[in-house]
Amino acid sequence: MSSRAESATGIMRSIRSLARDPMGLLGVTLVMIFLLMALLAPIISPYDPLKISVMSKFQSPNLSHWLGTDHLGRDTLSRIIYGSRTALSIALTATGLAGLFGLLLGLIAGFGPRWLDGILVLLFDSMSSLPMILFALAVITVLGPGTATLILVIVLVSIPSYARLIRAQTLTLKNSDFVVAERSIGASSPRIILRHLLPNVVGPLVIILSMDIPVVIMLEAGLSYLNLGVRPPTPSWGNILYDGYTSLRYAPTLVITAGVPLVLATLGFTFLGEGLRDALDPKLQVRGLR
Amino acid sequence: MSEALLRVENLSIGYDAGIGQIQALRAANLEAHGGEVIGIVGESGCGKSTLAAALINLLAPNAHVNSGAIYYKGADILTMDKESQRHLRGPEIAMVFQDPMTTFNPVITMGDQLVDFQHHIEGVSNTEKRRRAGELLARVGIPDPELCLRRYPHELSGGMRQRASIAAALLMTPNVLVADEPTTALDVTMEAQIIHLLRELRTDYQGAIIVVTHHLGVVAELCDRVYVMYAGQVVEQGLVDDIYHAPKHPYTRALIACDPAHFEEHTPILPTITGRVPSLLHPPVGCSFADRCDLAISRCREMAPPWVRISETQFALCHEARP
Amino acid sequence: MLNYAIKRILLAVLILFVVMLAMYAMVFLVPGDPATVALGPRATPELKRQLIERMGLDQPILQQIYNFFRNAVTGDLGYDVWSKRPVLEVILEVLPNTLLLGVVALAWALILGVALGCAAVVYRGTTMDRILGILSVSMISVPSFVVAIYALLIFAVWLQWLPAIGAGQAGDFWNQFRAVLMPAFAVGISWVGYLARMVRASMLEVMGANHIRTARAFGLPERRVVFKYALRIAIIPTISIIAVGLGSILSSAVFVESVFTRPGIGTLITAAVQKRNYPVVMGTVLVMTAFYLMVVTMADLLIARLDPRVRDVLKG
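Quick mapping for you: the protein sequence lines, in order, are chains A, B and C.
Residue numbers for the first sequence follow our numbering, beginning at 1 and rising by one.
Residue numbers for the second sequence follow our numbering, beginning at 1001 and rising by one.
Residue numbers for the third sequence follow our numbering, beginning at 2001 and rising by one.
Check before you lean on any hint, since a few could be wrong.
Derived BS3-like pairs (lysine-lysine); straight-line CA-CA distance at most 25 Å [to be verified]: (1) B:Lys1129 <-> C:Lys2228; (2) B:Lys1082 <-> C:Lys2228; (3) C:Lys2048 <-> C:Lys2084.
Don't read these hints as lab results, they were simulated from the structure.
The model shown is predicted, which means the values in this text are computed figures rather than measured ones.
Isolated chain A, as found in the complex (with noise of 0.2 Å):
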């Protein structure tokens, strides 16, 4: 049977199982409300969230503003769903592009020349040495914060753990029974790579994805509250929760709806991850946090 198959079959049976399980399914639910929040965010916002009405700041929720207005009166609600858009965009650009390189430089770590793998080994041990955040600051420092900074640090922070699963998976199996029938009747290396390596590395690799996008959301929304991630004007959950934070005294409401959905997007995708991984491969290692 080919592998491809197999993990067709095995995917099959991870939704059948994902779907029985609550806490999976709980994790679906929310990912998806946020999903639609964000893709839909032009149509379901009732307002501009960059609409500045001086005449109605720091309004408690009423009929025409439900979550109430910030000090400048916009509308809370309409920033918290245009901030889902940043949130997931930059969550998912930002894992998408770290799990691409990581794929393509763990491939090449496992499928490559000995020197090369010991040189970028050392490099990933180095990197995952040093705590992240310091890390994110000190390049945040150099090339001053915004979108792009705050994508680039993410991707280089997560690049070595993905590489290190896609080296360690590969190495396990290019020594297995199929890989090396394979060649033994000749086949390319990028035959084997493409047809066997491949399918085979994207099941772990799509869980710890996953399980790192609730952190990536975290770090993006942190980092907009100390004013280092998205710029202000655009809706972040993070400068919504800092605009929030210095009216704490007088408008606890913006703080207090603008944690919410952080939470919940957290929880969601959390929730989601675990499924994943016990549906998919119950046996993957826990990991630590960063």
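Dock chains B and C against chain A, hints included.
Structure of chains B and C alone, referenced to chain A:
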């Protein structure tokens, strides 16, 4: 004979395994008297380890007692509350485990563990318990007991560890000593030494010893009486001499025929019992051994075999068995 | 053991060396004049000249690197661009606050996390186990600075039980204790969940081992089996996880300290990044990386001490 110290009656145990229940033990009966050494022998998967675990009440979480009882001094240990069961373990019934590599906790010294195992004794200081442990280690032939007490398990050799685990089992002078494959993980020289040690122990030990093994040689050297098990059932029981020289159950005969110690001439091919052990998920209605038995006739497959009395002490579970 | 210790320490020094080199090189990797990169576009020519002189940016690059290392080894990490104070002095002034925060956070997380993990083991397979599992995952994934802001809102603004900002007055224990409560709660919460999970997983693995069956076969009370015989082994991987996870504690501290305007490494480096005070950023990264490497190395050595099996492998 006097009232048995330990009596297993009609014991059936199954393991829940998703697709159904694996009948690991079916209507097993067993008796052990003080001063006697009992052997339980059979292939792996015949239920002997389940029986041993049941004797000390440490069955796996998915095990289920379907019927039967285990009477120790007249009281059923299976229906006791957990606390009473716990108080039996150690001072009344103790166990020597199979794999000496993993029997002891790797991060606690031998001395600390042997002291802990005596927790049932009250009003005795730890120093005194340690002294007792040292004494027993010396008795099982460990050359420098003091040093051994200070060591971690992995610092001892396999044979030393197995001696230590026998010493541990004897610490509380239990009435029943269950040894589950005590020599299986050891090499031949070590095995001989441990058997020698167990034989020595017999002379001044008042309780019953139950040796569980797949090794007929161990049984022959150690035991007074033997229970032969096959596919979750006791198929034959009797005095060691009778079982060896006049086995009545075809399985016992096959087992003895396959024991390399019995070959008188050099043979290029080791004899084996052909066929396979029946599925324990759905045990056959008739005799479990019928599919592998030369003597089997249609009755063997259709009807459960009777427990045939061969003599005062020997019984066999077989349609064809005759006294 | 001694050989192993020396090897581990040398490796840590080597990694620190690489990190120092990388941090220094980063300024040069970015296109543009290093002084502008380090200080930002708004820096005055006067400030730039000062930095160039101070860092020796007009000297050949190898000379610069040599100077930088020589200075770093003697504890000279350069000067704060704005306040003109030595960077090391600035760092050492706030470091105790962050250490206190980290220790208190870890302490309560360790106590509650181990307790919840053991509880999950005792109730394994039941609804209670599942609830604890979901609770742990939720605690891990909730962002610490959101917890911090909510705690601030509830306990400082509404109830007014605890101070909203600062680290308390130096020397006043009670005052400092009250000031560290909420930050430590926020920093520790994800660790409670994380440790509970870790302890549960490694306990379940240990509980299946033969030696646990032996302990039970001697009728040891279940409490002693769990807390002495199993926990002693299960705690070993937890120690290394705590050490490695120090990075994540630091990351939470960066955000949480800002929420409570608590002087510490987090507020120091955040302010330095916002003002493009590169000497302070670089100094903080170096000091914290050194500290981190020290803790990880010490944890490795501690594990080697705790686990007699590892100890002997190293001896032999």
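Hint numbers contradicted by this structure:
none
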